[in-house]
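Novice: Residue-level listing of the chains:
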Amino acid sequence: MTNHWVDLKNADVIMMNGSNAAENHPAAMTWINKAKDERGAKLIVVDPRFTRSASQADLYVPIRSGTDIPFYGGMMKYIIDNNLYHREYVVHYTNAATLLVPEFKGPAELDGLFSGFVDEDKDGFGTYDRDTWKYQTDAAGNPLRDETLKNPRCVFQIMRRHYARYTLEKVSRITGCPQDKLEAVYKLYASTGAPNKTGTILYAMGQTQHTVGSQNVRALSMVQLLLGNLGRQGGGVNALRGESNVQGSTDQGVLADVLTGYIGVPRAANHPTLAAYIEKETPKTGYWSNKPKFLVSMLKAWWGDHATAENQFAYDYLPKVENPSQHFWISLFEDMVAGKIQGLWIMGQNPAVSGPNSRLEREALKKLKWLVVQEIFDTETCSFWRAPGVKSADIQTEVFILPAGDAMEKQGSIVTSGRLIQWRPKVAEPPGEALPDDQIINLVALKLKELYSSDPGPFPGPIRHLKWDYGKEVDVEKVAQEINGYALDDIKDPKGEILAKKGELLKTFGVLQDDGTTACGTWIYAGYFALADDGTGRMMPASKRRGQKDPGGLGMYPYWAFSWPANRRIIYNRCSADPNGKPWSEDKKLIWWDETQKKWVGYDVPDFVATKAPADPGGRDPFIMRTDGKGGLFAPLNEGPFPEHYEPVETPVEKNPFSSRMHNPVIKIWKTEAGKNIGNNWGKSKEFPIVATTYRVVEQWQAGGMSRWLGWLTECQPDMFIEMSKELAKERGIQNGDRVKVRSARGEIQAVAVVTARFKPFQVEGKPVHIVGMPWHYGWGGLARGDVANDLTPHVGDGNTTIPEYKAFLVDVKKA
Amino acid sequence: MNVTRRNFLKVSGMAAGSVLLPSSMAASSEKVRSFPLHKPVKEAATICPYCSCGCGLLISTGPDGHIINAEGDPDNPQNRGALDPKSISVRELSQSPLRLKKPLYRAPGSDRFVEKDWNWMITEVAKRIKTTRDATFQKTNAKGVTVNRTPGLAFLGGAAHNNEECYLASKLNRALGVVYLEHQARI
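For the protein sequence lines, the chains are Z and X, in the order given. Under the numbering used here, the first sequence is numbered contiguously, ending at residue 816. Under the numbering used here, the second sequence is numbered contiguously, ending at residue 1003.
There are no misleading hints in this set.
Calculated cross-link-like contacts (lysine to aspartate or glutamate; reagent style EDC-like; alpha-carbon spacing at most 20 Å):
| # | chain 1 | residue 1 | chain 2 | residue 2 |
| --- | --- | --- | --- | --- |
| 1 | Z | Lys340 | X | Asp950 |
| 2 | X | Lys858 | Z | Glu429 |
| 3 | Z | Lys449 | X | Asp950 |
| 4 | Z | Lys472 | X | Glu940 |
| 5 | Z | Lys369 | X | Glu940 |
| 6 | Z | Lys36 | Z | Asp587 |
| 7 | Z | Lys449 | X | Glu940 |
| 8 | X | Lys918 | Z | Asp378 |
| 9 | Z | Lys501 | Z | Asp514 |
| 10 | Z | Lys426 | X | Asp891 |
| 11 | X | Lys917 | Z | Asp378 |
| 12 | X | Lys917 | Z | Glu429 |
| 13 | Z | Lys544 | X | Asp891 |
| 14 | X | Lys918 | Z | Glu473 |
| 15 | X | Lys955 | Z | Asp455 |
| 16 | Z | Lys426 | X | Glu887 |
| 17 | Z | Lys544 | X | Glu859 |
| 18 | X | Lys932 | Z | Glu433 |
| 19 | Z | Lys589 | Z | Asp550 |
| 20 | X | Lys855 | Z | Glu429 |
| 21 | X | Lys917 | Z | Glu433 |
| 22 | X | Lys946 | Z | Glu450 |
| 23 | Z | Lys34 | X | Asp891 |
| 24 | X | Lys946 | Z | Asp455 |
| 25 | Z | Lys598 | Z | Asp578 |
| 26 | Z | Lys391 | X | Asp927 |
| 27 | X | Lys918 | Z | Glu429 |
| 28 | X | Lys932 | Z | Asp378 |
| 29 | Z | Lys367 | X | Asp927 |
| 30 | Z | Lys122 | Z | Asp111 |
| 31 | Z | Lys447 | X | Glu940 |
| 32 | X | Lys959 | Z | Glu322 |
Just so you know, these hints were derived from the structure itself, not from any lab.
Work the whole structure out from these sequences, hints included.
Specialist: This is the structure we're talking about:
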């Protein structure tokens, strides 16, 4: 989230799209209801299903799953056609005025493609050469701009022409949403384009779990930029993250493409040396120009005295990949099925139930030599080798189950969706011999160091020299101090004044150095464990604070815990003031320029150089992480710089009304033979005419590892079900409560039919399309048992992140 | 008057008692022997482990370190005391008789788990990691560029873990050369 939970109370319009916060993020509703009660705010819910959130909405807008880009495209056209955008914000804070090179061409000209598409193996899927996706510049390399927004080559005009194709009539036909509903939602949400109003968009997996997931998020971000809603209270682009600390696990770089703090992993071709990495990956402008400081400080935290200027700060100890996407989840399991991976170590995850085409992923587990699982219950992944119908004698995988402590049984910090890092003390004892996961990792690490000291093997340096001094029983606060960062020498500013003393915990990443004099595990967390005032004068590690002060009454609570980065509660908040530094309205005051003090002041930590005046060079460039400081209405992803509609891989329609290009051209389609035998293929609408989606319920959790073994929650939601419309049930002769068979191209499962009015058939391109929904919590283990919804989902992912297309695939349903 | 939550409960409790207790009961209760019903209960504030709202929980534990009550933390600005049905289940989550309590090992082809001690498990797990790393380690790629990576190993997890645990996992795996490093965030 660019904003945070409590800030929802400051919104004038809240639009949930692909999120069912009332069930999956219940605390959100407290603040949404407060906004409704106290500001007269309106809640819009856009969802194919009439969810518990929809029941609270002022306006419910049903759209067919997989048609978010037409929905937003139509909204952008409406906003532009009716002059409802926040003009001053758009001109000064976005790249709308920037001119693009004449060689850049878009889908209107190239039948669904952008300029530069390369289809190397002629299967319709490929990659883009991005050479034409760029700004016109002057001789000095500065982007050319036309702040009248009239130049036909400016981003604003090019995007206007791009979305001119997304007419109300076309959008209505493809989404299945009636035109009057579309007009109503466009009008209501566009009302937040007024300078004294803000609107927030809340999204979750309903936006991301599509082959165009990243572009869905791009589209809603563009809407927010057009309406001037980013960087302001009650606004923002707000991803409602799925798990208690998925924000933190991402921040810590437990992903194939990023190290800690979103520093990209080094690639063999471009980054053979640290110097090459720094040269290629450090932009000249924007805050990422400090990247060498972040990376070198991380290397110092990892390899300590063994990371020196002479050995490139142990840069060779980091693994280099050819392309990180070759190691993303779906690739990982395709490679495992192909027998390329020998050992898998899992810390608290249940892919036997949660993975896409989970039948295939369970097959992959059988190919392993060994599997280690740290878990609190005997999940389906722990016991995949004795799943129903599996002969355990045939499975040669060795399995090691390490009993873990749960969240109450250890101390450490977690981050809310709103980037708020809160510390948890240990409040209970783990059962039996169970150990917290940090203790388990520590024991394995210490044993590995011991093994590598007696028998070096190839390249033992990274393990032998790994700075790992947390004690036999891990001292979590010591780990926290390393993540926070500390000075290895006195750090001085250019005038010689000491910014941090040798050995001191860093209060900010602003003091990080690229010469090896600072160590910092995760630069964006700098300050989270340094001593800070809780608002009453008491000092304590910042993330442990419980101060209640709330200057301005906006719910920022700057003394409660610690929000990364730098305790900022709303990022990009320079946008909360107009180009001259004044609040857009009295009611929307967050930070502003104080001419007498010559600095930015207000109720939040400025996301800007505190003393840079609005009239200074760059004083009106709020997006400090971007090289031009402007919000990206034009911003390249793998599919192109503007979202364009493509149908899901499995679609009920024959034709894409926007071009002859049916599917996202940059997704990867795996063609493994092994996969085919276990059902990894694609369904067509003739055989599988019904659109399916998966979702969660408030009484169960994820793949069930923290809920299906509990009696209370099992009583609340005991069994696997499939929700369908009354119309579909009637067509198929199904009664509420019947057991039904649900079949996709990947497999077949059974579930209890829940026949409701919450789903309605859509009229799509002139024909009725049914949609059904299933929770993905269930498996054969635990107390609440049921078939695995993901046995039906496809092994295909988004064109950038490869997040699976769980939210739009095809099935057929009949009575069991 | 600055009423804290606990004060408030005390005050309202007393008020309710004085209103609801019939006078005859009040009189007779003086004759009832007092029982030592209270036991040392620790209370601490923590954060719910389910969704990403970060709701505050107040956890009460008995002398054996087991949770006896879980309720919303009224001081936490995220939830101001409100909770959903999963949050209050942290008590059952911690105390379920189905929790894994001992390290378990399943041999190739076997139809069962057998219990092992931690020392054996950690040693055997570390040996498997080392054997696989050493057997599959690549110092250079096809073009001769130094890559120092271990394609035979993969690690998954954990979005339900503390930052400090995720950090240790990220750090150790990179040191091992692991490139198949993924978790829930990707799916």
